[in-house]
Amino acid sequence: MASRSGHVDGAHVTVMLVVAIAAKVFVAFPRFLTLAAGSAGWLALAAGALIALAALALGLAAMGRFRGESMVPVCIRLAGPVLGRLLTLPVWLGFLFVTALTARQFAESFSTALLPRTPVPVISATIVVLAGLSAAAGLETLVRATMLFSLVLAFFLVALLAGTLPLADLTNLWPLLGPGLGPVALEGWKASGFYGEFFLLFLIVDAFRRRSELWRTGALAIGVGWLILSAISVLTVAVFSVPGAERLSFPIFMLARSLNIGEFVERVEALFVFLWMLTAVLKLGATLFAAVIMLAQYAGLAHFRPLVPGTGLLVYLLAAVPRSGGEAATLDFRGLREWGWTVVVGVPLVMYLLGLRRRGKEQTG
Amino acid sequence: MDLKRWVTLVICAMVALGQPGCWDLEEINNLALVLALGLDAGEGEEMEVSFQLSIPRNLAGGGGPPGGGAGQGGSASPAQQTLLISMGAPNVSRALERLGLVLSRRPTLVQNEVLVVGEELARRGLARHLGGLQRLPEFRGNVPLLVTKGRAASLLQIRPQLEPRPSKYLEDLLRQGHHAGLSPLVRMSDFLSTMEVSAVHAVTPLVDKAGESQARIVGAAAFHGGSLVGELDVEETRWWLMLAGQWRQGTLTVDDPRDPKYPLTLMLSAAHPRVRVRRREGEPVRIEVSIFLRAEVQEAEAPRQDPLGPGDLEALARGVEEMLNRRMAALVRRTQQELAADIFGFGRRVRMTFTVRPAWEAFDWDLEYPRAEIVVRNRIAMKWVGLTYGPPVPD
Chain D
41 MASRSGHVDG AHVTVMLVVA IAAKVFVAFP RFLTLAAGSA GWLALAAGAL IALAALALGL
101 AAMGRFRGES MVPVCIRLAG PVLGRLLTLP VWLGFLFVTA LTARQFAESF STALLPRTPV
161 PVISATIVVL AGLSAAAGLE TLVRATMLFS LVLAFFLVAL LAGTLPLADL TNLWPLLGPG
221 LGPVALEGWK ASGFYGEFFL LFLIVDAFRR RSELWRTGAL AIGVGWLILS AISVLTVAVF
281 SVPGAERLSF PIFMLARSLN IGEFVERVEA LFVFLWMLTA VLKLGATLFA AVIMLAQYAG
341 LAHFRPLVPG TGLLVYLLAA VPRSGGEAAT LDFRGLREWG WTVVVGVPLV MYLLGLRRRG
401 KEQTG
Chain L
-10 MDLKRWVTLV ICAMVALGQP GCWDLEEINN LALVLALGLD AGEGEEMEVS FQLSIPRNLA
50 GGGGPPGGGA GQGGSASPAQ QTLLISMGAP NVSRALERLG LVLSRRPTLV QNEVLVVGEE
110 LARRGLARHL GGLQRLPEFR GNVPLLVTKG RAASLLQIRP QLEPRPSKYL EDLLRQGHHA
170 GLSPLVRMSD FLSTMEVSAV HAVTPLVDKA GESQARIVGA AAFHGGSLVG ELDVEETRWW
230 LMLAGQWRQG TLTVDDPRDP KYPLTLMLSA AHPRVRVRRR EGEPVRIEVS IFLRAEVQEA
290 EAPRQDPLGP GDLEALARGV EEMLNRRMAA LVRRTQQELA ADIFGFGRRV RMTFTVRPAW
350 EAFDWDLEYP RAEIVVRNRI AMKWVGLTYG PPVPD
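Residue numbers (my numbering), protein chains in the order written: chain D, 41 to 405; chain L, -10 to 384.
If you're looking for bench data, these hints aren't it; they were derived computationally from the structure.
What you are looking at is a predicted structure, and each value in this text was computed from that prediction instead of being measured.
Hints should not be assumed to be uniformly reliable.
Said to hold, decoys possible - Derived DEER-like restraints, expressed as beta-carbon distance ranges: (1) L:Gly120 / D:Phe195: 27 to 37 Å; (2) L:Glu285 / D:Ala194: 35 to 45 Å; (3) D:Phe195 / L:Arg263: 30 to 40 Å; (4) L:Val4 / D:Glu402: 50 to 60 Å; (5) L:Val4 / D:Leu188: 17 to 27 Å; (6) D:Gly386 / L:Arg124: 35 to 45 Å.
To be verified - Just some of the chain L residues that point at chain D, by a computed CB distance under 8 Å: (7) Leu181; (8) Glu185; (9) Arg340.
C-beta atoms are modelled at their ideal positions from N, C-alpha and C, and glycine is treated no differently.
Full structure from sequences and hints, please.
This is the structure in structure tokens:
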């Protein structure tokens, strides 16, 4: 599965996208999902994944005619230099705000649960600096590092699932349709925003050797991402019940705290700190990288690295804007993700329609 | 080395040196470990919070015989391994704050082994207090929770002989009681989750002080909406364990169905209650509970000339089944009529007959439970007669 220089392997990118999509389970995601869809959160997530897959297919179809070109140049070709950039601007803003709000939430979670006296800005700065270093290292390093650490992440996640399963009461998942089919369908539509990280794929198409790998990579990332998001959300509801899950700020930390294997294995949440930090850095590295290369593509720069410190600083400052961790989580899951579907569905759809229009014009011409 | 590498190296060094906890560094010598937390009703809205603290010097073996110290204000002799301090406070955080006024170390709940709640406070309601406790990052939700008859502070004063500290003794007593089929084992987080769900009501172990050195499991405490509403005795607790699917293995001594003058002890294992629900509009819910138990004769004293044969075992099983059906039905009736609390979690199965939450919430299981028709059927499979076919018969 080795990649030639300058190219990345589809499987490695899949793992990076899965980490970027699924990292939200480490913060307040299960809480907000349960608040929105009750015990049927996993169904809403499934519907969201299907919509995200459709958006992925539309985007890839629109970009299909421009071999080796990434989303920004393609949009510029389709809609012109100004409209093309404007069309992708929500995606850039999305990556920027997701990076900032996620950094703040991770910093707050570390502070609340582990380092109560360490100032949040210090933790936040550490995370952003590490994410900046990962992003500056480039795509190849980023995907290989994610691939390497994904084994550790997978091991801990499986251990967490297996360890807390005996505490789960699966009847908490009933009534299966939660608040009802209508609300779940609506939440499903909105939940497509939870998979928005797949746009990273549109930005690195030139790093793939075979075009056919793009769909497989994106679809697999959304599928596995759904599986992880659903598994943790279902487990949270099964262990803590719907009202309990709605109250928890960091459900996965609470799950880790519940782990108890007899009297022998107790207080193992300290082990999960590594998992937590790794996930934060890998996810933020990926989303910061996406924001930076989009900036470089807007400016037509051949090198993105000079933009990393500035974008990192912007992320750090934006992360400091919410007055509290709770506000950061609400902005992320009630603000950004509430309307994220408009970007996830809207941008690929507009790209596709513009592509059709252009093809029509070419045929007429 | 070029500039880029130097910069990277400096950043890595800064992160590595700055992050491990300059702010959060805390020497273990500066911590006062709370081993058990007791909550009692205080004056007005206040609680009386009792902290059982370890005296590390004596726990390490340097002290005298094991024992618990008790007192207000923190007096303890060098021989004591624990120190009990009680104080009135509106919540645990405030009590910890006040504890800091008298201790030379920072009190911490990270090593807390058991949470004891006094009966009166349990009757007043635990939702507020335990919900607040769950927020404390240092407090672990998976500590065992028990309700004591009388006051928690009093129970924490026992001086166990077998264990080095009362908290360990109480924790092990609950575990052992659960393994033996005598008591539920409830973690605080389980209690809170159960309390929040409308399909089931919470149960905790009920423990009483039995002299200066012992505590005794006296059954289980039944809750409704976070408040203690009734007690189950030890026998009822066993039926509860079987009906709630929490029975693993344990002995059961009953009158020998073949000759009620003599006791018969069975080793019963792994109850798997199967709950069937029939819900029709305008009719009470009908619930059929089938419990499957595997049994082995552990001790039988009824004198018989013939050894126990397969037919005898069948008859014995049917007799015990009938007895279990009767007693379990009586307990279910009591929970319906007296407690009005579904402590078995039958509501979970009823909830599965609904597809959407608003319909389930409108159904109001609390109102329906006392009206429900509940039938309990036990099925016992006799595994073996035990180590002998029958007791010795004097010549």
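Outcome of the hint check:
1. Checked against the given bound of 27 to 37 Å, the beta carbons of Gly120 (chain L) and Phe195 (chain D), roughly 34 Å apart, stay inside it.
2. Between Glu285 (chain L) and Ala194 (chain D) the Cβ separation comes to about 43 Å, which falls inside the hinted range of 35 to 45 Å.
3. About 36 Å separates the C-beta atoms of Phe195 (chain D) and Arg263 (chain L), a value consistent with the hinted range of 30 to 40 Å.
4. At about 53 Å, the CB distance of Val4 (chain L) to Glu402 (chain D) agrees with the hint of 50 to 60 Å.
5. Taken as a hint, the range 17 to 27 Å holds for the pair Val4 (chain L) and Leu188 (chain D), whose Cβ atoms sit roughly 19 Å apart.
6. Checking the proposed 35 to 45 Å range against Gly386 (chain D) and Arg124 (chain L) shows it holds: the Cβ atoms sit about 40 Å from each other.
7. For the restraint placing Leu181 (chain L) at the interface with chain D, the shortest Cβ-Cβ distance is roughly 7 Å, inside the 8 Å limit, so the hint holds.
8. Contact between Glu185 (chain L) and chain D, as hinted, is supported at the beta carbon level, the nearest pair being about 4 Å apart and thus within 8 Å.
9. At its closest, the beta carbon of Arg340 (chain L) sits 5 Å from a beta carbon of chain D; the interface hint therefore holds under the 8 Å criterion.
The earlier numbered hints are all upheld by this structure, with none contradicted.
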